[in-house]
Amino acid sequence: MTAAPASPVPDASGRRVVIDPITRIEGHLRIEINVDDRNVIRNAVSVGTMWRGLENILKDRDPRDAWAFAQRICGVCTGTHALASLRAVEDALGIAIPDNANLIRNIMQLTLYVQDHLVHFYHLHALDWVDVVSALKADPAATSTLAQSISPWPKSSPGYFKDIQSRIAKFVGSGQLGPFRNGYWGHPGYKLPAEANLMAVAHYLEALEFQREIVKIHTVFGGKNPHPHWVVGGVPSAINVHGSGAVGALNMERLNLVVEIAKRTQEFIAQVYVPDLLAIASFYKDWTQWGGGLSSMNLLSYGEFPNRANDTTNDNLGMPRGAILGGDLTRIHEVDLKDPSHIQEFVNHSWYKYPDEGKGLHPFDGITECDFRLGPAGKIDEEFLTRVDETAKYSYIKAPRFKGEAMEVGPLARLVIGYAAGRADIRQLVDGALKTLNIPLSALFSTLGRTAARGLEAQWAADQLVATIDRLMANIRNGDINTCAVEKWEPSSWPSLAKGAGYCEAPRGALGHWVVIKDTRISNYQCVVPTTWNASPRDSQGKIGTYEAALIGTPMADPSRPLEVLRTIHSFDPCLACATHLYGPDGQPIVDVKVV
Amino acid sequence: MNGAPLILGVGNLLWSDEGVGPRLIDLLRSRGRTGGAELVDGGTQGLYLLPTLTEADDVVLLDAVDVGRTPGEIVVLDQDQISALGQGRPLSLHQTSLHDLLAAAALIGWHPRRLRLVGIQAAETEAWGQPLTPVVEAALAQAAEIVETML
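Quick note, the sequences are listed as chains A and B, same order.
Residue numbers for the first sequence follow this note's numbering, so the first one is 1 and each next one is one higher.
Residue numbers for the second sequence follow this note's numbering, so the first one is 1 and each next one is one higher.
One chain only, chain B, in its complex shape:
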């Protein structure tokens, strides 16, 4: 386990707002203001992200969420809020992967010092092959700034 924070973006790049996690990783990388943090585009790898996740003990997850906010609104959740929302409310649009990943990590004894999630409320998740919706695209820079100040 190394001390550098892990910033893990998850989602499917090919599926409109679903791709917000990997897109934020790209943006953060090009801005270059995340210091020694490790930036990882986790795509839709689900359980296969277990090695990456469990080697870190300070994690910021980036993901599209559907928590009933206005599309483009940014939400920041701490570990308890992530667990609470994960019990049945739609936290992330590919929540089963993310939720199962976190549960599997807990099962094998992973207890991070800090786990947070920065999400953007999605507007469109059905359009295959489409880019981010303009409202979510417009929120990227602010979400990136929030992540940078969290480190």
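Here chain A stands alone, though its shape is the one from the complex:
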């Protein structure tokens, strides 16, 4: 028996390396690490470089409008913020939503899971494992043999892969690298044979095409996409199965389209995403040793996908709520978003100000007041942040803690909590993948495990999506077309003071919104987003954050080409809110790596 797992202890004595920004497409995240003389990461510092003042924008507004502002927090998973916001306001005002609204919200959320996981794997993360340049050297016939050996997916002929190869060669040859320009091509960390690289690049392109279809589900139920409509009390989807009446109402033709897309999504994930994931993983089993961080200890999920409307008891949730602490999988801790001793945010190392920073604040009492100060070792040169000092304040991200502990959130947390809770569907999914890869459950607590968990969850979500649409169709056939509860729409029906918490499991992890409504207006609004948990800085006790813990101990081949850092950070699917200007005013490169 090994000793109980413990969070790694940072050692900042070695060389400092700064990577800014770290996300491939969007976001404001900077990582500073110290490596020892063998290039092993010994200290890691996660820095959110953008101030999110959304809470202040929402003050004094009508709580029924909050979702529309909240969904702009994030560039891509807008729906989850809308959903968390609606749930917070409905919780505060005691609004119960109809069954159809619950089903349609689940469909919206499941659609987001499959789309987001698919896009993350192929377009934001795969190029950390797949060398595009190597794909150009692959033998299309051998690629075809490989593809046919792992999946019945029909697009697998030698001619197909040859065409893909010429398309990529032409694209790269035109100097228009586009999404491929940030790769560390040829890095010794790339281990896939050229044929596996070509197969993955072909599926990168297929996934680009395919994800265009999935979002049509959002358009059907949300009226438009991007930024579908939502409404406090239910969903804004009028149902009219007789084909006459309101323009834009849901009819059988639209519902049949949704069924068809869901089934094709299920097929794409089962025949392309999961086989690719397992094939790629089989070449990178060494990555089951690194990047685990807190995942073997502290995991958190708020739970998601209520089966019956308005019932958040754990047995009613498709993905259970709970926390695992200290790696004890035999005990699942209850999580209560309203219990001030459960969730608190600290700002000792964050560029915010509390009247008493010795204590954390529960989000109902949260304060978002900016306080940018660098510690003595921090340095700014000509308006550029050269390095932060982690002994002082160093990030625009607060440090949320559950019962005082830093937690990992996301697909890995959800699956492990579901597994520990004995959920048969999750156990079957996880055990099947572990068997295929011939690795133990503990191997999941790693960078590779995190990436695998996301793919397995995509499969789960696609299956749930098909089943949930079936249930909605059955309700409609039985004559239930109610989608919104409007009894408490008028502010005159509200109490003078109301507080609510909105839970949600976004694709990237636990998301909470907290609202205080006073005299029909928002008097306080706080969001704790998944990346706040994962990208958290240190806290009042000096406990390091989730990314920080995950990086420590990882050996690097070449710190000036930090592929290993990208692999681990990207495995969390970071999302640091949006609109990014990744170029400096002088057109500097997207990723600026400095070895200090």
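Be a bit skeptical, because a hint or two may be false.
Lysine to any residue pairs mimicking SDA-like chemistry, simulated, CA-CA at most 20 Å apart [as the list claims (entries may be wrong)]: (1) A:Lys162 with B:Asp78; (2) A:Lys216 with B:Leu39; (3) A:Lys224 with B:Leu39; (4) A:Lys224 with B:Ser30.
Derived by calculation from the structure, the hints in this document are not laboratory data.
In this text, all values refer to a predicted model and were calculated from it rather than measured experimentally.
Place chain B on chain A using the hints.
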């Protein structure tokens, strides 16, 4: 693919001049002079705008740009200029999203008949929760007129 032009505004409404694309969409909608063109507020959706973009073959992009002009100055770029600027100079303030979006669209074989960009040189892009700067706000009406005459 339908024949109606697509006017796609991108940017973050919550971030001062970054929000100029969506703000122009609102303005164009209220002026009602864009005929049958489809007006879309793309926000910061990046790759998720691929379906919207690739279903059109005549596209006008609206965005905040940083091309070293006087803040509030309006620039109109054609397809070649967009590609040329996208190679390393800061074209749009959330350029990676827009640039990657266009590159991804090209990768899956999207070749629009016409692609143009109307941008306004940003003055302020750091102020979260702030509205457009007055100089950019003042340029909105002229930018809207330019878009209307392009159709």
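So, going through the hints one by one against the coordinates:
no.	hint	in the structure
1	A:Lys162 with B:Asp78	violated (33 Å)
2	A:Lys216 with B:Leu39	holds (18 Å)
3	A:Lys224 with B:Leu39	holds (12 Å)
4	A:Lys224 with B:Ser30	holds (18 Å)
Hint 1 from the earlier list is the only one contradicted by this structure; the remaining hints agree with it.
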